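S.K.: Model the placement of chain B on the given structure of chain A, informed by the hints.
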Amino acid sequence: MKHRLLILLTILAMVAAACGDDSSTETTAAGDQPATTQAPDTATTAAPATTAGGGGEAINIDFWVAFSDEARLGFSEEKAAAFNAKHPEYNVEVTSFASYNDAFDAAVLAVDSGEPPEIIHFFEAATRQALDAVDASGNPIFKSVTDAIGGRTDILGEPVVLDDVVDAARNYYTVDGSFYSMPWNTSTTVMFNNMDILNAAGITEPPATWGEVEAACEAIAALPDGPSACITWPNHSWFVEQSLGQQGELLGNNDNGRSDRATEVYLTSDGMLNYVNWWKGLSDSGYYTYTGLQRDWDGTSNAYLAEEVAMLIYSSSDTTFFDTNASFTNQASFMPYNENVDYVGNLIGGATLWMLDGMDAAQEDGALAFLNFFSNPENAAEWHQITGYIPITKTAEAQLVADGWYEESPNSKVASDQLAAAENTPASLGALLGNFVGIRDIITGAIEDILVNDVDVTERLTQANEEANRSLSEYEQLFGG
Amino acid sequence: MLIIGLIGAAGLGFLYVRFFIQRRTPIRYAVSSVAAVGGASVTPFAMGQCGFAPETTGVDRLLAYGLMAVGAAVALVIVRSFFDRRDGLSNESDAFAGEIRSGGYRMGWWVPWVLLAPTLAILVVFLYTPAIQTFTLSTRLTRLGAPRSVDVCFRNFSELLVAEPWRLVAYPLIAIGLVYGARFWLSRTSPGTWSRRGADLATIAAALSVFIALYAMFSPGGGGNVDFRAVYLTTVIISVGVVVVGMTLGLAVAYLAYRSLRGGSAYRTLLIWPYAISPAVAGVLFFMIFDPTAGIFTHAMESWFGIDVPNYRESTLLAQTAIILASSWKILGYNILFYLAGFQSVSLDQVEAAVIDGASPWQRFVKVVWPGLSPITFFLLVTNLTYAFFEIYATIDFMTKGAPAGDTSVAIYEIIRIGVNNGDLGRGAAQSVLLFIAVIGITLWQFRTSGRRVTYGGA
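So the protein lines, in turn, are chains A and B. Take the first sequence: its letters are residues 98 to 578, numbered as in the numbering used here. Take the second sequence: its letters are residues 28 to 486, numbered as in the numbering used here.
Read the hints as simulated data drawn from the structure, not as lab findings. It should be emphasised that the depicted structure is a prediction, and the values quoted were computed from it without experimental measurement. It cannot be assumed that every hint is accurate.
[Claimed, not checked] Now the stretches of chain B that chain A is said to cover, found in silico as 3 or more residues with beta-carbon under 8 Å:
#1 312-322
#2 443-451
[Stated by the list, open to error] Cβ-Cβ distance ranges computed for the label pairs, FRET-style:
#3 B:T156 <-> A:E212: 15 to 25 Å
#4 A:S382 <-> B:L235: 36 to 46 Å
#5 B:A232 <-> A:E212: 35 to 45 Å
#6 A:S234 <-> B:F153: 20 to 30 Å
Even for Gly, the Cβ is constructed at its ideal location relative to N, Cα and C.
Looking at chain A on its own, in the form it has when it is part of the complex (with noise of 0.2 Å):
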């Protein structure tokens, strides 16, 4: 009897941890944008409903954002609760999730089994895939805020914003002569220089060119009480999608996909093989140091705070963070350039809001004024500030200036300064590719591979090439037209 128990007890823990390996998945930590706290916290945290005034249940309104840091998810707690006070018969309430993917896999479950939510954070990377979801009865899952709006100038007493958003932002996120999507966090990439070292080295400004850092790393490793390396920034896509912006070359084919559905991509492209292999001498040379893990936000600002390198290269998005917790002199400036190259231009990063489709006219009102409020000059001046993301609009950005924030702030004034000098070109403005999520992983995997096992440059590219044209030309038969 002992003997059948033991079998017994062996298969059910077979079948518990079977069954249990789903719960682990939750933990994805795919981070695309960089979380300026530690502690994650996905717990569902809903905006305190404000008391209806007058008749009749107030209209919910389930806004999903993919941040779980207090200050990001924070502010969104703190305007919806200021909606819901200004908009007693509305009730926005936000719901945090891990990231950008598991929001959006949720809202697409979600519309499927009928309790979809009203308003979703969505990055800019996944734009295609976005505008091609459908539902189970093939319906797109998103409206487009343009067409919902109507030409509108204010949606229940709160001014329109959406024509008054940044070129960059406007030029990026315009697909077919339309927004699809509100315009939300949008950062670029930065340097941060630690100026206590660079001056200590000789160096009295930030370098701009790719030969200029090297020049600086080479001065900097010749310091004797020096930090152990000299540059790191995250191993993202985003970094080699600026790269390839600055240097004017092109990601994907029919314009980055702009002018029509991208259905091939360029991974061996001249452009591709000079930033990564700068990238890699950098690395042969002990100047960048690689923290060992893809998409590494955290690990990268650690090194830069902690002072093991001198310059990181970033998301402008943790300006203030850095401004706040620096316990030096650190100065902004613009990404770094190949000067063998005419500069092009860099391009946005960040995430929108998408609006589903499917609701009727009242709720879809209290959405848009939503949307709208979200947005508007004191709302997005209060988050450039708290954050270091671009003023959204130009209305916005118009306060700063007026208010003296840029004299007081000179490091949250370069990445609308970059996105300004950038040419309004296709390279520019980023590509719009299908499975652009999966695309991103094959080059971040392949430069892993390059920078970490010594494997041959061009050789690596082109395997990532091949496998990042057949992902995107299976993305083209499932969703292409």
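M.R.: Chain B only, in chain A's frame:
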């Protein structure tokens, strides 16, 4: 082409009766052949015969025949149990059923089914339906929110395997031949001879050849395909590492903790704590210890001894070691718990007898205690292996994210990376089907080999 397969299945049914059934009648030959054909035709018809379409070649075609063979084999096993019952070759469970029938359980045939219904309903909804959906998904190219999906037949599987069908047939046959050869040699030797030692070595070599054959059967990558050999090798290294380190340490700590010491029960409780921690937290803890920038260990080594500890995520050896350490530490409490319980069931009389016979502590452990622990060891082997296969995803995600260049990306990590993060549901499902087959295979093999040598004491 399908016809050839079905004729083959009929032949298989005929041969099965010829060699495995004692009472052979023409009707039995017929029944067996028909059953084999029926079993073999389940998968081709469920899959719309896609494996036999004219454009299907090579490995895909082989997989189609392979699945037919599996279907036929399952049907034949069922037929055999039917024949055995007719012949009165009843087994243990039949005797048990008879016992119940002759007792006080004289009720309608439906009563057990009603009693089983709640359990069956849960199994169907939460286990069998998702499993069948996984099998269906694994034959498709599909993504969440896509307007259509494409039937790719066996492609998701064949691209994980080598391109040449003959290798897929030859390698497992060689490995099986070696295993049976070694077993034959072993059965012809007696203990203590040189020949026995040779046979023991051959047994180990044969077991290794199974791993090597599997390695050679998987795809080396290229042409846009994933290098599945690397995934397999990583999975084997990390799983074996976790099981060996976790169980050895668990046994050692349990042996020390079992001695009567003051306050023993308090720290026995403390030892079990790591098990209450989730794999994600284990990952974070070890990340905090070994991280090159913020790690406690690295900082201590640098400031006390001036040793510059390399970044564990950039070296294959260190990364895999770190994952094995973190994962086996997390399961350690569980192993200790079971070994502590196991020690209590070791017969004290036997230990005492060994002491009187003058056995050293080491001899007592090896000859008396260890055999007494074999049921627990066997149980832990299965649970630890299942843990290493399915539950270390979060640990890896926090510590290395598969770095360096996929060298800590075990099968479950790869499945979630491809199926969930990259949204390629079909390929993710195909890999999870492979993992499912692997777990079934390993469990069956464990029950056949270790199960035979396990002593369960008096029962």
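S.K.: Indicate, hint by hint, whether the structure satisfies it.
M.R.: Against the structure, the hints:
For the segment 312-322 of chain B, the stated coverage by chain A holds: 4 residues have a C-beta nearer than 8 Å to a C-beta of that chain, and at least 3 were required. Counting residues of the segment 443-451 of chain B whose CB lies closer than 8 Å to any CB of chain A gives 7, so the stated coverage by that chain holds, three being the minimum. Between T156 of chain B and E212 of chain A the Cβ separation comes to about 21 Å, which falls inside the hinted range of 15 to 25 Å. For the pair S382 of chain A and L235 of chain B, the beta carbons lie near 43 Å from each other, so the given range of 36 to 46 Å is met.
Remark: the range hint 35 to 45 Å for A232 of chain B to E212 of chain A is contradicted by a beta-carbon distance near 58 Å. Remark: the range hint 20 to 30 Å for S234 of chain A to F153 of chain B is upheld by a beta-carbon distance near 27 Å.
The structure is inconsistent with hint 5 alone, although it conforms to all the rest.
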